[in-house]
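> The task is simple: from the sequences and hints, build the whole structure.
Take 1 as the starting number for the sequence shown in UniProt numbering and just add one per residue.
You may find that some hints are simply not true.
What the hints assert, rightly or not - Keeping only pairs whose Cα atoms sit at most 20 Å apart, straight-line, the calculated EDC-like set for lysine to aspartate or glutamate is: (1) Lys215 x Glu293; (2) Lys178 x Glu297; (3) Lys328 x Glu297; (4) Lys104 x Glu268; (5) Lys178 x Glu255; (6) Lys328 x Glu268; (7) Lys328 x Glu255; (8) Lys215 x Glu94.
Said to hold, decoys possible - Distance windows between CB atoms, simulated: (9) Ala148 x Asp208: 19 to 27 Å; (10) Asp286 x Pro343: 17 to 25 Å; (11) Leu147 x Gly101: 41 to 49 Å; (12) His121 x Lys215: 20 to 28 Å; (13) Val318 x Pro70: 45 to 53 Å; (14) Ala78 x Pro171: 14 to 22 Å; (15) Gln206 x Arg37: 22 to 30 Å; (16) Arg225 x Pro171: 19 to 27 Å; (17) Ala78 x Leu147: 19 to 27 Å; (18) Gly174 x Ile35: 48 to 56 Å; (19) Asp208 x Lys319: 43 to 51 Å; (20) Gly174 x Pro74: 35 to 43 Å.
To be clear, the hints were calculated from the coordinates, so they are not data collected in a lab.
Note that the Cβ used here is the ideal one computed from N, Cα and C, for glycine as well.
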Amino acid sequence: MTVTTRSAALKRSTSPTPTTSHRPPSLPPEILHLIFRHALLRPCPIIVSKFTPTSSRNNDQVQVHWNPDPAATPISLAGANLALLRLNPRLAAETRHIFYGGNKFAFHGHDDWQAVIVWLHSIGPANRAALTTLEIDVRQLKTVWQLADGSRRVWRDQADQPFPKGMRCRPRHGLLQKREGEEGWPEGEVDEVDGRMEEVFALVGQGDGSGQGRKVTLNLRWIARGWPGAWEDWENREGCNKDLYVSMDFWNLVEYWRKTHSKGRDIEVLWHAWGDKYSLGATSLDYIRDQMEVNFEIVDSREFEVTIERVRDPGKLVKRCGIHITFKRKLFDGPIVHSEASPYRMMVSIEQ
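The following block contains the structure:
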């Protein structure tokens with residue numbers, strides 16, 4: 001009896017590796033398309049970059065810090081076969097179109113949009129043109145002190161030196177205009193807008209050059225305090241309204257950028273914000289709807305109940321009942337007239 005070992009049999013049966021070993025099997029295009037979609041599309045947003053809030057205590061004061069979360073990206077990509085993006089040029093074009101066009105790409109917790117701009121440049125014009133959905137956080141806007149001549153200065157509320165020397169802020173955005181017949185600019189605390197954000201709209205709006213590209217939706221998540229142009233109780237000057245005031249300057253500029261850069265393809269902006277549900281059953285939206293609807297269309301509102309860990313008290317879980325509001329800026333024409341300065345800040349002397 002002759003016994004042939006498995007290793008010997010393998011040696012005899014092994015043939016030269018074909019040069020097309022990494023080519024997908026010959027399948028009908030529609031079947032390949034379904035396979036690619038199954039392998040590349042994720043049910044949740046793909047986190048391109050994320051900062052997560054953490055807290056620390058210093059002399060009984062709780063400070064919140066935003067730190068990079070490098071684990072977020074690989075977790076959101078789990079199960080995606082990214083090797084398909086590196087197939088031969090013909091198939092790679094299809095897989096990239098599916099990957100960038102069928103997924104939502106998210107940037108969470110950033111203080112500005114530079115990470116979004118860098119990424120949009122890095123993926124190239126063809127992949128940018130395939131994008132259909134981005135999700136970008138907007139954190140609390142910085143505020144500065146505006147003088148009657150329109151110049152602005154850094155200031156610190158409740159400080160011994162409210163106007164620290166040697167610190168600079170961004171100038172007033174050039175698109176903000178005075179009202180007809182208005183001589184000076186409103187003096188007081190105003191929101192500071194980072195004009196570099198416009199580049200995001202310029203990049204995603206380029207499309208494929210045909211002017212007939214697919215619509216791209218920017219889901220902008222307002223993760224800060226307050227409501228644009230609305231207050232739950234305008235008359236309550238003793239409450240925390242001074243910390244909740246948000247002017248319409250930034251929101252009007254975003255709408256202008258959207259319209260300006262929608263020539264290559266349509267850009268849609270959907271805003272998302274989260275409010276409270278109170279013990280008697282009313283929600284934030286019940287108090288501010290009339291004011292919000294002056295400038296925005298309420299697209300959707302959904303109540304929710306979740307258990308979360310308190311950022312300012314790590315380890316403590318709390319149940320939160322609230323409302324998720326989706327809204328979009330109403331269309332408007334003409335110049336962008338500046339918002340008024342915050343009515344909740346007492347005037348301070350520039351000589352201080």
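> Within 20 Å, alpha carbon to alpha carbon, are Lys328 and Glu255?
Holds: Lys328 and Glu255 sit about 9 Å apart, inside 20 Å.
> Sort out whether Glu268 lies within 20 Å of Lys104, counting only the CA atoms.
14 Å, holds
> Under the criterion that the straight-line Cα-Cα distance not exceed 20 Å, is the pair Lys328, Glu268 satisfied?
Holds. Lys328 to Glu268 sits at ~9 Å (cutoff 20 Å).
> Just to be careful, I want the Cα atoms of Lys215 and Glu94 compared with a cutoff of 20 Å; is the pair within it?
19 Å, holds
> Could you check the hint for me, namely that Gly174 and Pro74 are 35 to 43 Å apart, CB to CB?
Holds - the Cβ-Cβ distance for Gly174 and Pro74, about 41 Å, lies within 35 to 43 Å.
> Just to be sure I understand the hint, the distance between the Cβ atoms of Arg225 and Pro171 should be within 19 to 27 Å; is that true here?
25 Å Cβ-Cβ, so the 19 to 27 Å window holds.
> Between His121 and Lys215, is the Cβ distance one that fits in 20 to 28 Å?
22 Å, holds
> Hey, Lys178 versus Glu255, does the alpha-carbon distance stay inside 20 Å?
Since the Cα atoms of Lys178 and Glu255 sit roughly 18 Å apart, the hinted pair holds (cutoff 20 Å).
> Using the beta carbons of Ala78 and Pro171, state whether their distance is inside 14 to 22 Å or not.
45 Å, violated
> Can the restraint linking Lys215 and Glu293 be considered satisfied, given a maximum Cα separation of 20 Å?
25 Å, violated
> So does Gln206 sit 22 to 30 Å from Arg37, Cβ to Cβ?
25 Å, holds
> Compare the distance between the alpha carbons of Lys178 and Glu297 with 20 Å, and conclude whether the hinted pair is satisfied.
26 Å, violated
This entry does not satisfy hints 1, 2, 9, 13, 14 and 17, going by the numbered hints stated previously.
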